[in-house]
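Now for the letters of each chain:
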Amino acid sequence: MGAFILRRLLGAIPLLLGIATIIFFVLNLAPGDPTTFYFNPNVPPEIIEQLRRNMGLDQPLHIQYLRWLTSFFRGDFGYSLAQSRPVADVVFEALPNTLILTGSALVLMFITGILIGIVQAVRQYSIFDSVSSVTSLFFYSMPSFWLALMLMMLFSLKAHQWGWPIALPPTGITSVDYEFMSAGEKIQDRIAHMILPVGTLTLALAAGVARYMRGQMLEVVRQDYIRTARAKGLAERTVIMKHALRNSLLPVITLLGLYLPFLFSGTVFVEVIFAWPGMGRVIYDAIFQRDYPLVMATSFIFAVIVVLGNLLADVLYAVADPRIRYD
Amino acid sequence: MRVQTGRFDDIALNPRGWLAAVAIALIAGCGGDSGGGGAGGGGDGGTVIVGMRSDFGSFNPVTSSGQYDLEVMNYALFTPLVQYDENLDVAPYLAESWELHGDTGVTFRLRQDVRWHDGQPVTARDVEFTFDLAKNSETASLLATAFLADVESAQVVDDYTITFRFARPHAQALEDFWWPPLPRHLLENVAPAELRNAPFNREPVGSGPFRFGQWRANEQLMIQRNPDFPQSLGGPAAAERIVFRVIPEASTMLTELITGNIHVDITLLPDQVSQVEGNDDVQLHSFPGRTVYYIGWNNDRPPFDDPAVRRALAYAVNRQEIVDALLYGQGEIATSTIPPWHRLYPDIEPIPYDLQQAQQLLEGAGWVDRNNDGIRENAQGEPLAFTLLSSDDPLRRAVVEVLQNQLRRAGANIEIRVMEFQTMLQSHRERNYDAVFTNWVLDNFQIASAPMSLFHSREAETQLSANRSSVRIPALDAALERGAAATDTEGQQAAWREMTQILQQEQPITFMFWLNELAGSRASMSGVEMDPRGEFRSIARWTAGR
Amino acid sequence: MARNDPRESVPDPESAAPVTVPPGIDAAAPEDLGVDRAEAVPARAPGHAIAAGVLLPGAGHALIGMWQRGLGLLFVWGVLLAVVFFAADRIFAPVRPSLDDWIALATLFGTMLLVWGWSLRDLTVGRRRAAAQGDSQWAIAARQFKRNRLAIAGLAIIILLYLVALLAPLVAPYDPIAQADIATTGHLPPGGEHLLGTDRFGRDVLSRIIYGSRISLAIGFVATAISITIGTLFGAIAGYYAGKLDTIIMRFTDMVLAFPRLVLLIMIVALFNASITVIIIVLGLTQWPGTTRIVRGDVLSLREREFIHAAQALGMSRLRIMMRHLIPNVLAPVIVTATLGIGNTIVMEAGLSFLGLGVSPPTPTWGSMVSEGRDVLLNAWWVATFPGLTIVLVVLAFNLVGDGLRDALDPRLRT
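Chains as they are written, first to last, in my numbering: chain V, 1 to 327; chain E, 1 to 546; chain G, 1 to 415.
Read the hints as simulated data drawn from the structure, not as lab findings.
Predicted model, so just to flag it, every value in this text is computed and none were measured.
Honestly, I wouldn't trust all of these hints.
[What the hints assert, rightly or not] Chain V stretches covered by chain E per the calculated footprint, using a threshold of three residues with CB under 8 angstroms from any CB of chain E:
id : region
1  : 50-64
2  : 87-95
3  : 145-158
4  : 262-274
5  : 290-300
[What the hints assert, rightly or not] Simulated pairs of lysine to any residue, SDA-like, Cα-Cα distance not exceeding 20 angstroms:
id : chain 1 : residue 1 : chain 2 : residue 2
6  : V       : LYS186    : E       : GLN214
7  : V       : LYS186    : E       : GLN231
8  : G       : LYS244    : V       : LEU15
Backbone N, C-alpha and C fix where the C-beta goes; we use that ideal spot for every residue, glycine too.
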């Protein structure tokens, strides 16, 4: 197993390097450069030229690339041009927020998806089966920005206007007076702020898990050993819970790796609409501001997480299923 | 009482009841949210929460260039040498008095009671230090070009007296000094080229009625009341804290304003005005702004090298319809870069909407519909067709769609090209375009500054300069130079009147409208006054209220 | 281990279940199915029924008691006639300058001819052959698919949508671009002259949705065509040639897969100034890895099969084997992926438009309509809501059809 992980990690290096290189050249071949971010049109050309020199943008492209690459290997992501502070600072501020958001969404998505899938499979062809299929597919078909807007309108604005007991806060991670809250209030405040963004991501992606789970379950239920279990008179509940469930849960793990890129795409919209200060917004702003060092660092980190997520899924799968051998 | 507490604890331990407890707390939380500052303790003004569409850039008067960065520095964190009064005349601020040396220079005497937030006094050496930094080309300072182009040198007379020398006589000279000094003792070891990346810029030590508190990028900036701010300048701020929250999505922002989670929304869209007007809890602020929208014609490219065509197209644009229908009346038709509320505004009628006149002019210039397809052609059979660039800002997209329709009626075929802002700016700068719909934001109230960069023919020869329409009109140059150098009001008025007339006649670019600044604030607040000087003009007197 | 894009078909174990029929199917409705009925009724319908069918498609079926099919045909025919009736002035207008109108006309009359002909054929020859229909892979799949009501509903929506897109000049009540006096016609609520209201320029929202379907569907269709072509070729090459080539292709696939697609899209579209062609190409060029993985997996197992060995023994060239034997045999999952991919692409386009990076105005697309309307959601909800719902409906339809196809096409189902 150790050798397998090592091999996979080594294999990931050229992959990530390739990604970084592609980003670098896509960015630098694009028209416009970071200095235009100082878009106050009064800035005269000679000052812009000065800025370009200060930022090292007057160098030829391959020199810039080499310079970026060497400092990158030294763990130095450079300076964010727009925020005028180290890229690492920006990332360390935003990354935890995104991880909280995507992490909770991932957990919730799997829990709801798996639960729905199980019930669907056990009650195949029931009303619940078809209704929940169509419903979850309905959310799955919805653009996440649209879902986010609708949830916000309903649970924040209309809830407030119609005097519902709870109107969810649509923006931010915490309330402004967070520091003055008691520990219990702090937790509640955080949860309240997470409901809308996490809910959006969960609703949008749970359908995939549910469908997969349902299929797994149905497949397992028709295996011989389940038939055997039933034949020897075990209660249906025991058959499902002890035998079928455990074996059908395994392959669902692999979805983990698959969903990460989708989740990260979704967070861009969700973070913009719900003003969640995470990586999605950093990367979005950075692209528009031509903040090259920041774009490179953030998209690279996204890629690393996706690759690690895939690796994690494989390892988990191997650990959980003794039939799988990686060597 | 005991029983109740006990029950609450039980709930907290039981997983199902715990959710209920969350719900209860949420209800309670929502009720008291807007008064959140109460918990902050101290000031009676409480915590004021302001919604912003995008984050601040940095706080350094020399290197920052964002509009709101500058406003927060001028009105909250720092103390500029001079401020504007309600008539937009220069008023003393950090400088308690001044003495003009004819057209050649000025001596400022500074207040002695203003201190940096770390306790050091603000002195003339700080002012000189800031001036030198701005003038150093390595800092690439906007201050140097927008304010100090005509100021040559600074000399400290004593700790609280400083003299500036002008490079040449120029109009509105005192307005060159609407910027605050930096603390020299904190920044003198920073190399000028590194000033832009100085950590100071993200946790500035200022001298204004608020001191910097805490800044979490893309999330919120908090500034706190400065209890030591001198009474002579208005004393400490009314609010205990101001929190600027970054909320990129406009509809989310409006939701927050309506539900009371923020107190002020400074970036209301014209579309949202009706929502705010119909709401008793929210007050609308609509005031004339410093942003003028215009159609830039590329004067180098046919057919825009012909003034008749530009005039004809200007006649064909129904600006009143755009102001009424798209801005909901929140704007005023523009004739030049001089805002209608300025004392130097020459009251000249804009070119009216006159489709017949437009058609006649076009026919006179040789553009006739020769093949009955509704589009005019010139003698060579080339159609009157061009591309109109716009950025992806919703208002601009909307205006160009209407423009396309209006100009079509005059027989011009327009293709709209909506681009991401930076990409559009790049094309505009490189003069690689036919026509563009864009805007210009005045950095200051010095009338000469904008037209000088936009229209002067020497700028047309400079690559990537602000004269992106390649305007080369000698008479306009002359009027501009006279206006910039005139130190008497009559001279200025005459020059700007002439400039506006030439602009109306030649239409090197077609001015569209001044867009009102729109903001909403909770009705419970007090002290909120906004005018062309900025949204945050009265920020030191804002209170959250209940 | 199954590993691919979740929106694109995970080789779904669901379909491995022997008797799995997707939800929403009424298993006990064999009499509704033409196939089964064909054995019960005479091969050829009586003459009067055929005559009725010639005059009015559907009437013939109704006469011989095939109500469901008859009413369906009557309905479709009625809709088509209604289009002809209401658009008569446009259809018979003397001047017809644009290609759009020709396409619409051809579509309209083509569809009418098709419905008429199919109904006739169904009454005469078709029913005889239905019984004889063999057990070819596709025939079985079609039968399977027909049992899935949700999928059929989805298919109906999609067909309707393509018809509407092609017929746009005839069915749209107003010009989607022209503006009148915007101050008086802007933001009219739904009802009255404008069924779904007007936008801020006084343009009819319904007409814009109808015209917008062209862009959205075209983008979805072309981008997916690009992506599955690339994906299939890469997958087949990687799977069949194996070795170094396989490693290189799969590394590259992993790379594209590991990259957050939206970020890449934003980057390319924003920085390189999107035109619609660029958007389509970029969408297509970033969507193929899922297909590649599926195809490669299938090809890997196919190449060890006897018929491939036989082909090799016969001395067929590798290219020929790949084109003639491998790719046709992996088409089923590719079709499923493509169907799901179209829906996915429509959502992506909408997302880009939402971020302000879509097609330039005034061309209507659903995404840009939502984007333009979202700032006025509170005072003119209809501007964004209807196009938003259209997106959901259409993507849902593609997903339903994709799911249905997967169930129908998966060979493991037919054990």
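Q | Hints not upheld, ascending by number | A | 5 and 7
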